[in-house]
Amino acid sequence: MLTILLPVILLISSCSGGEEPAQAEREFTLPDDGIELVDAWARPGRENGVSAVYMHVLNGSADTDTLKALSSSVAGLVELHETYDRGDDMMGMREAEEPFFAPRSVTSMRPGGLHVMLMQLNRALTEGDEIDVTLTFARAGEITISAVVQSP
Amino acid sequence: MLPFQTFLKLFLLIFLVCAFTISCSSPGLDDYSDVRFELTNQNGETVVFPDDFEGSPLVMGFIYTNCPDICSFITVNVGKVYEEMENPGDTQFALVTFDPERDTPEVLKQYAAAFEMDKPPFQFLTADTETISAFMERVSVRTQESYSRDSEDGDRMYFINHSDKILLIDQRSRLIFDYGGSMTPVNIIIEDLEKLLKNRFCSLFSCLLYC
Ligand SMILES: [Cu+2]
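From first to last, the protein sequence lines stand for chains W and U.
Per this note's numbering, the first sequence starts with residue 1, numbered consecutively.
Per this note's numbering, the second sequence starts with residue 1001, numbered consecutively.
Keep in mind that the hints were calculated from the coordinates and are not lab data.
Since this is a predicted model, take the numbers as computed values, not measurements.
Don't take each hint at face value.
Said to hold, decoys possible - Partial selection, computed: residues in chain U whose CB lies under 10 angstroms from chain W:
| id | residue |
| --- | --- |
| 1 | Y1082 |
| 2 | M1085 |
| 3 | E1086 |
| 4 | A1114 |
| 5 | E1137 |
| 6 | R1138 |
| 7 | V1139 |
| 8 | Y1147 |
| 9 | S1151 |
| 10 | F1159 |
| 11 | I1160 |
| 12 | N1161 |
Unchecked claim - Beyond 10 angstroms from chain U on every Cβ pair, some chain W residues (computed):
| id | residue |
| --- | --- |
| 13 | A52 |
| 14 | P103 |
| 15 | A138 |
As the list claims (entries may be wrong) - Pair by pair, the computed Cβ-Cβ distance ranges are:
| id | chain 1 | residue 1 | chain 2 | residue 2 | range |
| --- | --- | --- | --- | --- | --- |
| 16 | U | K1198 | W | S73 | 20 to 28 angstroms |
| 17 | U | R1156 | W | E47 | 18 to 26 angstroms |
| 18 | U | E1130 | W | L30 | 28 to 36 angstroms |
| 19 | W | E47 | U | G1154 | 13 to 21 angstroms |
| 20 | W | A102 | U | S1146 | 22 to 30 angstroms |
| 21 | U | G1044 | W | S108 | 36 to 44 angstroms |
| 22 | W | S73 | U | M1183 | 30 to 38 angstroms |
| 23 | W | D89 | U | S1033 | 50 to 58 angstroms |
| 24 | W | E98 | U | E1101 | 39 to 47 angstroms |
| 25 | U | R1142 | W | Q150 | 24 to 32 angstroms |
| 26 | U | P1120 | W | G128 | 20 to 28 angstroms |
| 27 | U | R1142 | W | P31 | 42 to 50 angstroms |
| 28 | W | A62 | U | P1120 | 20 to 28 angstroms |
Ideal placement from N, C-alpha and C gives every residue a C-beta, glycine not left out.
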């Protein structure tokens, strides 16, 4: 009898759904002035294909700053994009309308949201590769960072 | 006339078999067993859905390779289900493009390689435009070209609005569940998949009871 009941119990216990622990928010220390870019990472991509770069933009200045230009030595075209839920059961991607970074604030580029979109990649990007991205801000000027390609 | 005890045992046996059959069979949200789509994988080989997948569970995601944000996470999630499963058995894993115009088998092969997934059990599938749009309609994946513009070298550049989905299909080509593709924690898909693999043991078990 026990051998018959055991699978029944296993079956019942496997029905309960697992819940993911909530992701802890990272804490940042704003720079005293200007802009700091932290935790940059990029997605894999094929040659001639695309990739996305994520990071946190820390604006320590008392003024709003604006992104003026983007470039990378691995991409022919670089733009600031955002993924958005269209509300019709579809996800869309568009150029970010307002590349503004509020005073004393953190703007996070993360999966499913804002990203630096690399297009026309001149080489394949795979896990562990390091690439450069240059962001030019109206006030803070040109900042070049390095982003590591991560696939998870 | 059967002795009462034998009758009771027999009754109990039948009851257990019934209970098992009910708990083991999953109704399914849809049934793809009567459709037929001829697709091509990243190696240029013909793959027929669902016939070529029948007999094994199938985890299937929908992507286009010019989508580095959402679609790259759908791709990786399908990969992670396999990587993180203790015993994936003969489960099959597929990613189907809804952008056949640009996502040729060669492009899909390079894309798969970038994600270190150009190897079994992963297949990246495409087909002609008509087959893909009929297929996407059948599996309820919505797509719509968003904006397009001409790049400097004359290529047309466009993006696609699309459903964000991963499907779990059972050994008998029935849709068991559809998940949000890019943000679903893979352990939820793994749990459901393990139930499917266990069900096979289940039917074996009820078979044993009969004998
Ligand atoms: Cu983008």
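Assuming the hint says 20 to 28 angstroms, is it satisfied by the Cβ distance from P1120 of chain U to G128 of chain W or not?
23 angstroms, holds
Would you settle whether the hint for Y1147 of chain U is holds or violated, based on the nearest Cβ-Cβ distance to chain W being less than 10 angstroms?
Hint on Y1147 of chain U: holds, closest Cβ of chain W at ~7 angstroms, below 10 angstroms.
Min Cβ distance, V1139 of chain U to chain W: is it shorter than 10 angstroms?
13 angstroms, violated
Evaluate the given range 20 to 28 angstroms for the C-beta pair formed by K1198 of chain U and S73 of chain W.
For K1198 of chain U and S73 of chain W the Cβ distance comes to about 51 angstroms; the hint is violated.
For R1142 of chain U and P31 of chain W, compare the CB-CB distance with the range 42 to 50 angstroms and indicate the outcome.
Holds, since R1142 of chain U and P31 of chain W (Cβ atoms, about 44 angstroms apart) stay within the stated range.
Does M1085 of chain U meet its interface restraint, that is, does its C-beta lie within less than 10 angstroms of any C-beta in chain W?
14 angstroms, violated
Hint check, N1161 of chain U versus chain W [nearest Cβ-Cβ separation less than 10 angstroms]:
Interface hint status for N1161 of chain U: holds (4 angstroms vs cutoff 10 angstroms).
Using the Cβ atoms, figure out if R1142 of chain U sits within 24 to 32 angstroms of Q150 of chain W.
29 angstroms, holds
Check on P103 of chain W being off the interface with chain U, judged by Cβ distance over 10 angstroms:
28 angstroms, holds
Can we keep the F1159 of chain U interface hint, with Cβ of chain W closer than 10 angstroms?
5 angstroms, holds
Is the shortest C-beta separation between S1151 of chain U and chain W less than 10 angstroms?
Because about 7 angstroms separates S1151 of chain U from the closest Cβ in chain W, which is inside the 10 angstroms limit, the hint holds.
Hint validity - I1160 of chain U Cβ closer than 10 angstroms to any chain W Cβ
Hint on I1160 of chain U: holds, closest Cβ of chain W at ~8 angstroms, below 10 angstroms.
Checked against the numbered hints given earlier, this structure breaks hints 1, 2, 3, 5, 6, 7, 13, 16, 18, 23, 24, 28; the rest are met.
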